[in-house]
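Number of protein chains: 2
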Amino acid sequence: MSKKKKSDKSSSEQELAEGRKTSLHELLRLPQGPVDVASLDSRATPGYPGKGKVDAPAQSELVGQRLDELQERLYANGREHEDAPSVLVVLQGMDTSGKGGVIRHAIGMVDPQGIALKAFKKPTKEELSHSFLWRIRKALPGPGMIGIFDRSQYEDVLAVRVEGLVPVEEWEKRYEQINKFEADLAASGTKIIKCFLNVSREEQGARLAERLANPEKHWKYNPGDIDARKKWPAYMEAYADLLERCNTDPAPWHVVPADRKWYRNWAVAQLLLERLEEMELSWPVADFDVAKEKARLARS
Amino acid sequence: MSKKKKSDKSSSEQELAEGRKTSLHELLRLPQGPVDVASLDSRATPGYPGKGKVDAPAQSELVGQRLDELQERLYANGREHEDAPSVLVVLQGMDTSGKGGVIRHAIGMVDPQGIALKAFKKPTKEELSHSFLWRIRKALPGPGMIGIFDRSQYEDVLAVRVEGLVPVEEWEKRYEQINKFEADLAASGTKIIKCFLNVSREEQGARLAERLANPEKHWKYNPGDIDARKKWPAYMEAYADLLERCNTDPAPWHVVPADRKWYRNWAVAQLLLERLEEMELSWPVADFDVAKEKARLARS
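Protein chains in written order, with the working numbering: chain A, 1 to 300; chain B, 1 to 300.
Source of the hints: derived by calculation from the structure; they are not laboratory data.
It should be emphasised that the depicted structure is a prediction, and the values quoted were computed from it without experimental measurement.
It cannot be assumed that every hint is accurate.
Repeated chains share a single entry, so a pair holds when one copy, or any two copies, can fit it.
[Unchecked claim] Taking lysine to aspartate or glutamate and the DMTMM-like style, the derived pairs with C-alpha atoms no more than 20 angstroms apart in a straight line are:
#	residue 1	residue 2
1	K138	D184
2	K173	E237
3	K138	D150
4	K180	E155
5	K51	E277
6	K220	D111
Can you make the complete structure from the sequences, with help from the hints?
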């Protein structure tokens with residue numbers, strides 16, 4: 001086990017030597033204070049260690065190999081201990097920002113047995129009859145699992161706010177409720193990685209046009225996407241508010257530039273990898289007598 | 001769409017030309033009649049188109065690319081139509097036969113958004129208070145999804161029978177109940193792929209020894225594994241019965257030789273691919289006016 005840990009360290013050191021002096025977490029973490037979404041660069045590629053799109057598959061593969069190893073260790077701990085830690089990746093962003101693409105290409109590198117994926121759609125009647133956090137709590141990852149939220153509690157201060165689905169007094173309270181909820185969650189052993197996939201209005205237009213131009217992509221298109229697009233400024237205002245007001249130490253926001261798909265996918269995988277590395281997970285220790293079991297096996 | 005379909009056909013034809021004259025489904029399908037598990041070769045590699053372990057990653061990659069494409073089409077249909085088909089892969093096998101390995105390496109090639117994975121453990125009190133199929137029904141894949149059962153309804157005629165957890169009159173009825181259940185499921189549009197991962201007793205011994213020898217694999221070991229191993233003949237008798245009695249046309253059994261991990265993983269992926277190919281899925285047709293939406297986008 002200690003041998004394993006040593007090899008982790010040297011792998012991290014190697015990565016640092018290769019040019020990533022600063023963690024991606026630090027590079028993408030949103031600073032405290034007021035947010036102007038339009039000023040956040042959606043085409044940048046901060047921290048990317050390769051050349052660009054050309055070597056993105058190879059770079060992602062490198063991240064994937066490490067992810068695979070550490071995720072198995074997290075999962076193993078979850079199988080052995082009820083109080084094992086878990087991870088929660090929250091994906092938020094406008095239509096076409098690539099929540100699905102991240103799940104397919106970044107999360108898809110991980111063993112499906114360790115992933116608890118939940119896509120939050122328009123709430124059902126039952127969900128609406130409870131507090132907005134009810135369905136969120138039900139979907140939290142168990143011990144040793146990596147939960148992925150495709151949309152999340154933040155829809156309740158986004159679409160709900162922009163579309164006026166509840167009175168302002170109602171959604172105004174939610175920022176604090178979310179902060180409290182996330183702080184409790186972090187305190188109970190869940191590492192939270194919140195990613196705002198920042199796609200520009202221009203790039204969204206291009207992606208919607210591509211979907212309309214290609215019959216194989218029509219199923220991804222929804223006329224409602226244009227309705228939301230027309231309310232872009234109102235959505236950006238709602239994003240600015242939640243990014244500022246829910247940017248806490250236990251659950252900070254990361255802004256992932258999302259106009260370049262290859263960067264976006266690599267970045268989310270790398271953020272997840274860094275979190276797993278920080279956890280310094282060891283393999284669970286056997287709760288049985290190894291020598292005795294070897295003897296039993298030999299006799300069997 | 002018709003263009004797409006043509007390319008499917010030529011891809012299948014190409015595969016046939018490359019040497020797989022017979023589908024893997026036909027090769028691995030268990031013939032009707034009495035079954036003697038010990039006589040089923042657990043080290044064979046029927047239908048494998050490559051050289052062996054050395055080119056298994058490349059062969060799996062080939063299958064993975066096609067799987068990825070067809071799975072997306074299945075998923076797209078599920079997003080558009082409530083009556084879209086679905087697929088259910090049932091994985092059964094003794095400890096160490098590699099249900100987890102198949103999920104990690106074969107199912108892991110597919111977009112996690114299209115996978116509904118369910119591992120059936122020892123039933124909870126609530127589950128025991130219902131019919132044995134209750135928890136199975138709850139876990140069935142929705143439209144467009146690929147469901148994966150890690151263990152299944154068959155545990156209720158396996159461990160339950162061998163360990164004597166219910167009276168014989170009870171489990172005797174279950175074979176017919178399962179056949180009825182699976183026939184209904186198939187009739188309602190779910191393609192069922194049942195895989196018995198056939199590991200030999202000898203290979204199981206080697207794998208358990210490996211788990212005991214490596215502290216990083218201790219978490220995969222459970223002293224109960226030896227208890228079950230000691231009852232190998234009783235388990236094989238129970239397997240022989242369910243393989244014979246639940247080998248129906250709508251839901252036939254496939255016996256996957258599982259002593260070679262690389263073959264086992266490739267074979268399950270290939271079985272899944274063949275099922276998806278048979279479905280001749282087309283992309284769903286837009287339920288909106290494409291020209292009108294292009295104009296709306298241009299104005300937005």
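We went through each hint and held it up to the structure:
no.: 1; hint: K138 - D184; result: within (15 angstroms within a copy, 31 angstroms between copies)
no.: 2; hint: K173 - E237; result: within (17 angstroms within a copy, 62 angstroms between copies)
no.: 3; hint: K138 - D150; result: within (15 angstroms within a copy, 23 angstroms between copies)
no.: 4; hint: K180 - E155; result: within (17 angstroms within a copy, 43 angstroms between copies)
no.: 5; hint: K51 - E277; result: neither (24 angstroms within a copy, 38 angstroms between copies)
no.: 6; hint: K220 - D111; result: between (26 angstroms within a copy, 15 angstroms between copies)
Of the numbered hints given earlier, the model fails hint 5 alone.
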